[in-house]
Amino acid sequence: MSDLVQVILIKKYAQAFINQFIGQLNHEEMAKIEKFISFIRANRQVIFYGQLLFGEKFIRRQAFINLLTNFELNKAFEKLIILLVEHNRLILLADILERIIKLFKDNNNEADFVITSSHNLDTRQLDQIIKFLTEQTGKKINIKTIIDKKLIVGLKIYSDTLGWEYSIRNQLNSLSHIV
Amino acid sequence: MEIKSTDLISLFEKSLSGKPDADLKEIGFVVQVGDNFCKIHGLTNAVFGELVQFEGGNRGIIMDLGEDYVSVFLMQAQTPVAELEVAKRTGGVFKAPVGMGLLGRVVNAIGNPIDDLGDLQYSEYRPIEVAIPGIVERSPINESLETGILVIDALVPIGKGQRELIIGNRGTGKTSVVLDTIIHQKIKNQNSKPVYCVYVSIGQRQANLARIVRLLQENGALEYTCIVSADASEAALDRYLAPYVACTIAEYFRDQGQDVLIIYDDLSNHAIAYREMSLLMRRAPGREAYPGDVFYLHSRLLERAGKLLRGGSITALPIVQIQGDDITAYIPTNLISITDGQIFLDTKLFNNGIRPAVNVELSVSRVGGAAQTAAIKHMTKSLRLEIAQYQELLSFSQFGTELDIISQKRLTRGALVYEILKQKQGVTYLFVDQVLMLFLLRYNFLDALKLAEIHSFVMQFVSYVHSIYQDLYKEILHTGQITEHQINKLKEIAKEFSHLFLPV
Chain R
1 MSDLVQVILI KKYAQAFINQ FIGQLNHEEM AKIEKFISFI RANRQVIFYG QLLFGEKFIR
61 RQAFINLLTN FELNKAFEKL IILLVEHNRL ILLADILERI IKLFKDNNNE ADFVITSSHN
121 LDTRQLDQII KFLTEQTGKK INIKTIIDKK LIVGLKIYSD TLGWEYSIRN QLNSLSHIV
Chain Z
180 MEIKSTDLIS LFEKSLSGKP DADLKEIGFV VQVGDNFCKI HGLTNAVFGE LVQFEGGNRG
240 IIMDLGEDYV SVFLMQAQTP VAELEVAKRT GGVFKAPVGM GLLGRVVNAI GNPIDDLGDL
300 QYSEYRPIEV AIPGIVERSP INESLETGIL VIDALVPIGK GQRELIIGNR GTGKTSVVLD
360 TIIHQKIKNQ NSKPVYCVYV SIGQRQANLA RIVRLLQENG ALEYTCIVSA DASEAALDRY
420 LAPYVACTIA EYFRDQGQDV LIIYDDLSNH AIAYREMSLL MRRAPGREAY PGDVFYLHSR
480 LLERAGKLLR GGSITALPIV QIQGDDITAY IPTNLISITD GQIFLDTKLF NNGIRPAVNV
540 ELSVSRVGGA AQTAAIKHMT KSLRLEIAQY QELLSFSQFG TELDIISQKR LTRGALVYEI
600 LKQKQGVTYL FVDQVLMLFL LRYNFLDALK LAEIHSFVMQ FVSYVHSIYQ DLYKEILHTG
660 QITEHQINKL KEIAKEFSHL FLPV
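Top line first, the protein sequences correspond to chains R and Z.
The end of the first sequence is residue 179 by this note's numbering, with every number in the run present.
The end of the second sequence is residue 683 by this note's numbering, with every number in the run present.
Everything labelled a hint here was simulated from the structure, so no lab data went into it.
Heads up, some of the hints might be wrong.
[Unchecked claim] Computed from the model, here is a short list of chain R residues facing chain Z with C-beta under 8 Å:
hint : residue
1    : D3
2    : V7
3    : G138
4    : D160
The beta carbon of each residue, even a glycine, is placed where N, CA and C say it ideally should be.
Work out the full structure: start from the sequences and follow the hints.
Spelled out as structure tokens, the structure:
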């Protein structure tokens, strides 16, 4: 399956899930899903064994449902697991869940941004950035900060659909293309 | 390229002091890249034809919009684009540099100079896709565009604002015909309103282009010509863009009130480039694997030619190459239906030494006599008929059939016509010279000569009139017409010359 086809499938599964179960989801649920995603990414063999073709589908389904219960996730996710086992696409589970989180946030008018800066930003500066992003997007902003010395001086603010950068590195890159 | 350190410092200062953009830019991520083509996930609000800027410095044009991704063709093949690289919308479309400073220059499909003559002196940037002038803004085509090639000016006349297709097999002289037309404008530009030329080379070899540039330079034609090149080694996008960029440059000249001649050499390569792009975008292939809108690809390009009421014109000479003399192929038939006539260059005629190898029976100018100088029109009244009669009888003569006297005379006459229509490459005639040549043919002053003597007789006669009877020559040149009195005068001159003529 090509990456592009995977991306499309992930989006479709996630959108279908949101369309059906948006009313049953809340922020606490999203936090639990994030923990579940971290677990799956750290323990890829779980998905690998789940994808194995031998063994009853029922057994594989049940194994994952038990896993979901350990993480105290909503019953709605059992139906997603059943569907993915049926379609033999468990490998997409983590990406689909990430996409579900994103769609949930879109639905609740939230946006996640990653702020990469060359130096530590203080509270005042972060508040200014959040205010700027709120004005630009009209959404509730959740931020994550990263320090990257390679920027030299400046900032880089990205979500998955919007971006803004003003750094020495960026300007030097632009100059190198001209020169 | 040498860069002074002071230039670098000022560049750095300018960059570092620049204010940041006030807005967030919409971005996407490259999910697939290859063959100068990439797919970008995101950019949900992007529009078709928009320019996209990549983080790594490359630029691209959006050529397909999908539900989850957009397809972008890259403009700089040498600048790599990596997977997951960020791409930003620029909010604008691709624009080409235009201006009088482009005359005498050779540029590539994205408007960068490739002739080592320094930076381009352009006036502005214009988008390459524009709204085409409507019917009300156009003027009828009633002014001749001289090619200097006798057979074309006499039998398939081209008017300013016309689209005349040049169609033929490979090696039949299509490019030679258009180059001679460009070079002929030098002589015309000295006596009348100049015609600026734009030559687009699409998918040709670089050696070919170098030869063409040198030829135009040697003949002093480059100073009023702009060359746009997208050679065979360029990416498909460049070969797709080149004719539109060239037409945009031509439109600038036209908007200054000038007459422009634009040559697309050739549109078969243009269609092939577009096919390549469409197949990469996974569009459904149609006939001969071309996409369904390949007609629109050329129709919207060629409809930009025309003569405007407010002044200025663009005359288009698109070239199309056919395989095996088959003019019923897909792209040639498309172009034949779009254009206002075609000049068909026949391989058989070429191989038989008749050059330019114009097949008069299959060639036509839909504008016809309306765009022809009155003097030439008068002299060519029965020429087509004579050629048609000759061709009809030629097949009989090959069987060795005994023909009556009238048929024999027609055969002799036809051979005479073909002999006078032959013209060497690089040699062009002013319309007055053509009138004099056709006069000799029409009033039977060549009948007594051997075929081998025809050319020297005709050339010497033209030279004779030009040097001895200058007043008559200039009168025809300035009026564009020929009166009965002038014809009678010419008859006397021709009789006089016949006694003086010595075959070379």
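**Hints the structure fails to honour** = 3
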